[in-house]
Each structure stands twice: as structure tokens, then as C-alpha cells.
Amino acid sequence: GAVVSQHPSRVICKSGTSVKIECRSLDFQATTMFWYRQFPKQSLMLMATSNEGSKATYEQGVEKDKFLINHASLTLSTLTVTSAHPEDSSFYICSAREHPGATEAFFGQGTRLTVV
Amino acid sequence: RKEVEQDPGPFNVPEGATVAFNCTYSNSASQSFFWYRQDCRKEPKLLMSVYSSGNEDGRFTAQLNRASQYISLLIRDSKLSDSATYLCVVEDTGFQKLVFGTGTRLLVSP
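As given, the protein sequences belong to chains A and B, one line each in that order. When you line the first sequence up against the numbering used here, it's residues 1 to 116, in that order. When you line the second sequence up against the numbering used here, it's residues 1001 to 1110, in that order.
Read the hints as simulated data drawn from the structure, not as lab findings. One or more of the hints may lead you astray.
[As the list claims (entries may be wrong)] Straight-line distance between alpha carbons at most 20 Å, and here's what the computed EDC-like set of lysine to aspartate or glutamate pairs gives:
1. A:Lys41 <-> B:Asp1082
2. B:Lys1097 <-> A:Glu63
3. B:Lys1042 <-> A:Glu104
4. B:Lys1079 <-> B:Glu1015
5. A:Lys41 <-> B:Glu1043
6. B:Lys1045 <-> A:Glu104
7. B:Lys1097 <-> A:Glu59
8. B:Lys1042 <-> A:Asp88
9. A:Lys20 <-> A:Glu52
10. A:Lys20 <-> B:Glu1043
11. B:Lys1045 <-> A:Glu98
12. A:Lys41 <-> B:Glu1003
13. A:Lys41 <-> B:Asp1039
14. A:Lys41 <-> B:Asp1007
15. B:Lys1002 <-> A:Glu59
16. B:Lys1045 <-> A:Asp27
17. B:Lys1097 <-> A:Glu52
18. B:Lys1042 <-> A:Glu22
19. B:Lys1097 <-> A:Glu98
20. A:Lys41 <-> B:Glu1005
21. B:Lys1097 <-> A:Glu104
Sequences are here, hints too, so could you generate the full structure?
What follows is the structure in C-alpha cells.
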């Protein structure tokens, strides 16, 4: 099956710093990628839809200036958590499909962010 | 009301047991439905799609009842390796956005 690679898998950062998370589609081109966040014992919540070559679409309640998304190529989307705070500590995960009509969404391995 | 609701469990069952999970969704316009499996601290992986006609894949059977907005997953002859969290997922029509339930945790014991 298709592979989506996410990096880093774990990161610990100090409060106030920024963290960049990368999501790559390794064997297909993804015009659209999705970024989710999962807090402990909660469901994955969609944060934003990343569109290649255009602005990301953010879900209600997600601050676009805090969670910067860049989708500069058909195989790479990045999520930058700016001025991170302890409440941003979570499991961030991206997903993509081989093409818009594909049934299966493939997920990256996820990034566990801890802000201290 | 949550868009997708599941019993969080955990469901503790012995090997060989049959276990059923249920899920309800609120958006009647939803078109696509899935069960994903998520192991602890890992990414979700597609287990199976769910169709109105029902579908079966080995020990796993999924059913969809559109009238009741209800989805089910049946696991027969449970294995230790089935221990995981099972996520009920509904696709937001036309936008490819997936809406996840909180998941139902299954623990299969020897």
C-alpha cells in the first residue's frame, strides 16, 4: 500500500519555541493532505486540510497563525506549531490518499509533541 | 452530540470469543463509512470499509444501517493480536474529511 512518512516521531521542546513536523507521501503525489491531533483517550480531530499550492483550510477553533501549514510540493506538507505551550502537547498525525476518490486514507506514523 | 459515537470500552474477552462493537453517527448525509484499527501510540490503519449490504473479511464482519445511522463490527474467534482500539470513521460528504469516533478498546486475553 501507499506510504506516508512523518517526521519526527517524538519531540520535546521548551515553551515558547516552534516545532516543525513533516509529512511526506513516498510513492504517490498528494494534492491534499490532512492534519489531525489526538489528545489522550480522545478521538483524532481534524485540524486542517493542506492543499498543494494554496492556503490550508482550517477547522473551526484551530488558530491558523499558531499552526502554520505549508504544502509546497505534491509530496510534502509541513505543520509548524509556533510559540508552543504545554497545552499543545499532543499526538499530531497526517494523512493522505493516493487520489481524491481512493477509499483508503494512509496515515503517517504520528508525532508525539511534549512541550515543557 | 458527537458526530460519531462509540462505547469506549474496554471490552475484555477471552481468546476465541465473538465480540461486537457499535457506532452511531449524526450526519445523515454521510456517504462513506469505515472501521480503522489503532494500536497504542501508533497510526490508524484501515480495517475495512462498511457497506449497506454488509461486508465480511475473514473473521471480521461490518454492517451499516442507514435508517438508524448505525454501524457495527463483529469479530469472531478473537485472537490476542486483535487487541487494539477500533475506530469508527465517517467521511464528510464531498470533502474527503474523516470524522473519527473516540474508539472502542478491545483486550483479548489468553
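Unmet hints by their number, sorted upward, for this structure: none
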